[in-house]
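What follows is each chain in one-letter form.
2 protein chains.
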Amino acid sequence: MYENMFRVDRNSHESLQKQIRRQIAIAIINRQLPLHQPLPSIRKLAGELNVSINTLALAYEALKQDGFICSRDRSGFFINQDIYQEHSPSEKYADLIPPNKENSFDYQNFFLSRSYNLPRISKPSDCLVRYNYPFICGLVDPTLFPIASWRECIRDSVNVIEVKNWAADFSRIDDPLLLEQLVQRVLSKRGLVAHPDEVLITIGGQQALYIAIKTLLREGSTFAMEDPGYPDVMNIALMESMNIRTLPVDHKGLIISDEIKDCDCIYTTPSHHFPTTVTMPLERRQALLELTRQSNTFIIEDDYEAEISFNDTPPPALKSLDNWGNVIYTGSLSKSLLPGLRIGYMVGDRDFIREAKALRHHIIRHPPVNNQRSVALFMQRGYFDRFVTKLTREYKQRSQIMAQSLEHYLPGSAVAPSFGGGSFWVKLPEPIDALELQRLCKQDSVWFEPGGAMFADSEQNKNYLRLGYSSINQSLIPEGIAIISKHVNNLLNA
Amino acid sequence: MYENMFRVDRNSHESLQKQIRRQIAIAIINRQLPLHQPLPSIRKLAGELNVSINTLALAYEALKQDGFICSRDRSGFFINQDIYQEHSPSEKYADLIPPNKENSFDYQNFFLSRSYNLPRISKPSDCLVRYNYPFICGLVDPTLFPIASWRECIRDSVNVIEVKNWAADFSRIDDPLLLEQLVQRVLSKRGLVAHPDEVLITIGGQQALYIAIKTLLREGSTFAMEDPGYPDVMNIALMESMNIRTLPVDHKGLIISDEIKDCDCIYTTPSHHFPTTVTMPLERRQALLELTRQSNTFIIEDDYEAEISFNDTPPPALKSLDNWGNVIYTGSLSKSLLPGLRIGYMVGDRDFIREAKALRHHIIRHPPVNNQRSVALFMQRGYFDRFVTKLTREYKQRSQIMAQSLEHYLPGSAVAPSFGGGSFWVKLPEPIDALELQRLCKQDSVWFEPGGAMFADSEQNKNYLRLGYSSINQSLIPEGIAIISKHVNNLLNA
Numbered sequence: 106m107y108e109n110m111f112r113v114d115r116n117s118h119e120s121l122q123k124q125i126r127r128q129i130a131i132a133i134i135n136r137q138l139p140l141h142q143p144l145p146s147i148r149k150l151a152g153e154l155n156v157s158i159n160t161l162a163l164a165y166e167a168l169k170q171d172g173f174i175c176s177r178d179r180s181g182f183f184i185n186q187d188i189y190q191e192h193s194p195s196e197k198y199a200d201l202i203p204p205n206k207e208n209s210f211d212y213q214n215f216f217l218s219r220s221y222n223l224p225r226i227s228k229p230s231d232c233l234v235r236y237n238y239p240f241i242c243g244l245v246d247p248t249l250f251p252i253a254s255w256r257e258c259i260r261d262s263v264n265v266i267e268v269k270n271w272a273a274d275f276s277r278i279d280d281p282l283l284l285e286q287l288v289q290r291v292l293s294k295r296g297l298v299a300h301p302d303e304v305l306i307t308i309g310g311q312q313a314l315y316i317a318i319k320t321l322l323r324e325g326s327t328f329a330m331e332d333p334g335y336p337d338v339m340n341i342a343l344m345e346s347m348n349i350r351t352l353p354v355d356h357k358g359l360i361i362s363d364e365i366k367d368c369d370c371i372y373t374t375p376s377h378h379f380p381t382t383v384t385m386p387l388e389r390r391q392a393l394l395e396l397t398r399q400s401n402t403f404i405i406e407d408d409y410e411a412e413i414s415f416n417d418t419p420p421p422a423l424k425s426l427d428n429w430g431n432v433i434y435t436g437s438l439s440k441s442l443l444p445g446l447r448i449g450y451m452v453g454d455r456d457f458i459r460e461a462k463a464l465r466h467h468i469i470r471h472p473p474v475n476n477q478r479s480v481a482l483f484m485q486r487g488y489f490d491r492f493v494t495k496l497t498r499e500y501k502q503r504s505q506i507m508a509q510s511l512e513h514y515l516p517g518s519a520v521a522p523s524f525g526g527g528s529f530w531v532k533l534p535e536p537i538d539a540l541e542l543q544r545l546c547k548q549d550s551v552w553f554e555p556g557g558a559m560f561a562d563s564e565q566n567k568n569y570l571r572l573g574y575s576s577i578n579q580s581l582i583p584e585g586i587a588i589i590s591k592h593v594n595n596l597l598n599a
Numbered sequence: 106m107y108e109n110m111f112r113v114d115r116n117s118h119e120s121l122q123k124q125i126r127r128q129i130a131i132a133i134i135n136r137q138l139p140l141h142q143p144l145p146s147i148r149k150l151a152g153e154l155n156v157s158i159n160t161l162a163l164a165y166e167a168l169k170q171d172g173f174i175c176s177r178d179r180s181g182f183f184i185n186q187d188i189y190q191e192h193s194p195s196e197k198y199a200d201l202i203p204p205n206k207e208n209s210f211d212y213q214n215f216f217l218s219r220s221y222n223l224p225r226i227s228k229p230s231d232c233l234v235r236y237n238y239p240f241i242c243g244l245v246d247p248t249l250f251p252i253a254s255w256r257e258c259i260r261d262s263v264n265v266i267e268v269k270n271w272a273a274d275f276s277r278i279d280d281p282l283l284l285e286q287l288v289q290r291v292l293s294k295r296g297l298v299a300h301p302d303e304v305l306i307t308i309g310g311q312q313a314l315y316i317a318i319k320t321l322l323r324e325g326s327t328f329a330m331e332d333p334g335y336p337d338v339m340n341i342a343l344m345e346s347m348n349i350r351t352l353p354v355d356h357k358g359l360i361i362s363d364e365i366k367d368c369d370c371i372y373t374t375p376s377h378h379f380p381t382t383v384t385m386p387l388e389r390r391q392a393l394l395e396l397t398r399q400s401n402t403f404i405i406e407d408d409y410e411a412e413i414s415f416n417d418t419p420p421p422a423l424k425s426l427d428n429w430g431n432v433i434y435t436g437s438l439s440k441s442l443l444p445g446l447r448i449g450y451m452v453g454d455r456d457f458i459r460e461a462k463a464l465r466h467h468i469i470r471h472p473p474v475n476n477q478r479s480v481a482l483f484m485q486r487g488y489f490d491r492f493v494t495k496l497t498r499e500y501k502q503r504s505q506i507m508a509q510s511l512e513h514y515l516p517g518s519a520v521a522p523s524f525g526g527g528s529f530w531v532k533l534p535e536p537i538d539a540l541e542l543q544r545l546c547k548q549d550s551v552w553f554e555p556g557g558a559m560f561a562d563s564e565q566n567k568n569y570l571r572l573g574y575s576s577i578n579q580s581l582i583p584e585g586i587a588i589i590s591k592h593v594n595n596l597l598n599a
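First to last, the protein sequences are chains A and B.
The opening position of the first sequence corresponds to residue 106 in my numbering, with each subsequent residue numbered one higher.
The opening position of the second sequence corresponds to residue 106 in my numbering, with each subsequent residue numbered one higher.
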């Protein structure tokens, strides 16, 4: 295999020996060569590359000197284990890669104004391991997850018949069992009457939002969202070069104004506003539907965390009141199952879903078939409902402890979410900068999300936090809030 | 739960009784109500909807008359099982849904020129079950797949520690084990020296192509692809409103011409041209790299089916010769594992990958974590290499039988692919219309892909077929080709 990985350029200014040496070093730095297999012998590789044995012997000797390889008597040359154990050897040998950066395409400059440079909420992926008090949002407490039931479902989704089915092309058909379970167990609780042809499975709620925005809008369309609101949606709209407006929010959610009439589409989170957690009352929902119908404005309703409602009769989704069809509903199982599975869904008119499915085909063909079936079985066997009940009970307790702790340590800073969900929105006195507070709290092993990033003007809204409780143990909540409070007071008295 | 699903509008012209009747009927047609649970009692639902008991009793009676529900003594009303057993009850009761289509948003008209209306290659999802001779491309023969090993890997990927990991947010980190295995076992065989930071995991090869096109181009950019070529790529480019050119292909693949210089990006399949299967020789690859470097043209190299090479030393990927960095390499494990898992990947400069990852975040956040880990284990334990060896051996035999059968029944119509892969490209005499031929062959349980859809001008290229052999048993190949040949001769003599 090595003749494909290493090659020599006889027109290069670099000597053959140095070319070979550099290429092998890079492959080792990349950890691309298996650790416990000998490198090809000098004679063999020299023959494959058509260079002299002497040239290759010198290259190997230099690699040995530099600590990349070592020789073992009679067994030949091996990679030096230490190199693979170093956390990031590439930094140590930075001069080797890339070989001649000035001679390569400048992507950094090319991408200056693209996706990477958009602001994103950053959640450390090792958050649960690294912090004792992880007030992180959007993750599921792994200690609550019924692993045995889940293993049973994935095992049963991999029998011979199922695997046979996976071999097919599923870009036009979502798993019928998953669609059936979704409409019966999830959508009906939100008051949604939907035929399976009116539902599309997506890679998490994120893809449902992306597809909704891409399908309904074009470059230059006017798109509005709540302020504060979900920054990822802002980013999708920015990436697609829309005219973006932000609309104010009060204690009843999105404020209905004539400005909405000028928009092609608005994004809203009526049942449980992101990030303030307030619920939009029925009259306002009806007014919103009436207004958007007059102005031909689409509504993207993000019903995130809807499964986790503390209310026996939670307010139904806005979509359930939509007789005209301009509401596109999105949701996901990331909050009630596992976010890593990436199962989301969208609901709309069947002609809309047909188009959304065609767009989905262009983007990914279809979501992985095995996960669709495992989740469908998990629902069909009742495990999902049981897990949601358990999660809801647990979260309700945590929410009460959160409310008590916040009232005790940071009185008046937060209103307990009436809908449910997994987070509190906290407003601190104005001089507090949540980013500064986060830096201090991290030192005491507390992690939370600063709220500024959820505002169009983050500079003017530095004094907000979002405290998630879905991943933190009940007993740790008061201590965690006490630590935050301690730093808040220190900052106020500084 | 029913008060959320059903509601009455007292301002409607429709009577309350009829509103309730229609809503329950739709929920039943949607299969949204659990079959073996009683409907709410007349008294209960009347109370919830705040209508008279008499109104509700009339509604239930009408539903019973229409066959939607039945009453069982003392247990109340149940859904009529027959309704759920009908294949598509919605057609029978089409007048009920949607209730008043003239009063709903007209998506069909709104989407007239969007994704759904783009031409797509249609593969029946039940192809393997429905046809005895499935000459279908891109599917894996499920009888060859090592299910026991795969089950072991998915089982081991769902232990407590792994599930804990899934709870985290993985939009910035792909599974390190999968990246390591990919560079060591898959990319190295294609001559690619790549650091894990230069690799991105995607939802199949499709998403790799979508991300590459979206990242490198903007509306109005000039994009070129091979003709014939991969229609899905044409569709992505059309959807993103690019200027699209098609470039001719000969027996050495894409023809290098100065026209390439005018393009911002070209899409090519050099190692194994889609759909003709020819391989681009080294000199032409070098000329292509030289030319595109001069003109600042990006190359998207689709190395599809690259794992299945019959050659002991297959030609390395174009990307392996790319010193400047303008080549973005895409591939997938759909042909060598299971397409339903949707594992693809792309390789490029690390600044490019950083941007591609940010775009991926906007589209889907990240690919499902569980599948990444299962595939990584499948590779680490050597099952993947063993399966690819088995597949390649089997496909090589099938390819030989294909070549012999085609030479015997349709002499001169096809050249055996030198690279490998899973299909033959067949040119029939000009009067033959492959769509007509397909219709006739289907009657004899033979399925194949007509080739016209792969050309920019499908009208002028009706006489091509693509015959996949990855899903057809060896012993059936000669019979299948004989049937095609019979119909070809009938058409020629007609």
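Treat the hints with care, as some may be off.
Pairs involving identical chains hold if they fit within one copy or between any two copies, as the list cannot separate such chains.
[To be verified] Computed list of lysine-lysine pairs in BS3-like fashion (alpha-carbon distance at most 27 Å, straight line):
(1) Lys357 - Lys547
(2) Lys149 - Lys294
(3) Lys567 - Lys294
(4) Lys532 - Lys366
(5) Lys123 - Lys294
(6) Lys567 - Lys149
(7) Lys591 - Lys495
(8) Lys169 - Lys294
(9) Lys501 - Lys228
(10) Lys228 - Lys123
(11) Lys123 - Lys532
It should be emphasised that the hints constitute simulated quantities derived from the structure, not laboratory data.
Here's how the hints hold up against the structure:
no.	hint	verdict
1	Lys357 - Lys547	neither (33 Å within a copy, 60 Å between copies)
2	Lys149 - Lys294	between (68 Å within a copy, 17 Å between copies)
3	Lys567 - Lys294	neither (37 Å within a copy, 52 Å between copies)
4	Lys532 - Lys366	neither (31 Å within a copy, 57 Å between copies)
5	Lys123 - Lys294	between (67 Å within a copy, 23 Å between copies)
6	Lys567 - Lys149	neither (64 Å within a copy, 50 Å between copies)
7	Lys591 - Lys495	neither (33 Å within a copy, 64 Å between copies)
8	Lys169 - Lys294	between (66 Å within a copy, 25 Å between copies)
9	Lys501 - Lys228	within (24 Å within a copy, 48 Å between copies)
10	Lys228 - Lys123	neither (43 Å within a copy, 51 Å between copies)
11	Lys123 - Lys532	neither (61 Å within a copy, 49 Å between copies)
Going through the hint list in order, the structure does not satisfy hints 1, 3, 4, 6, 7, 10 and 11.
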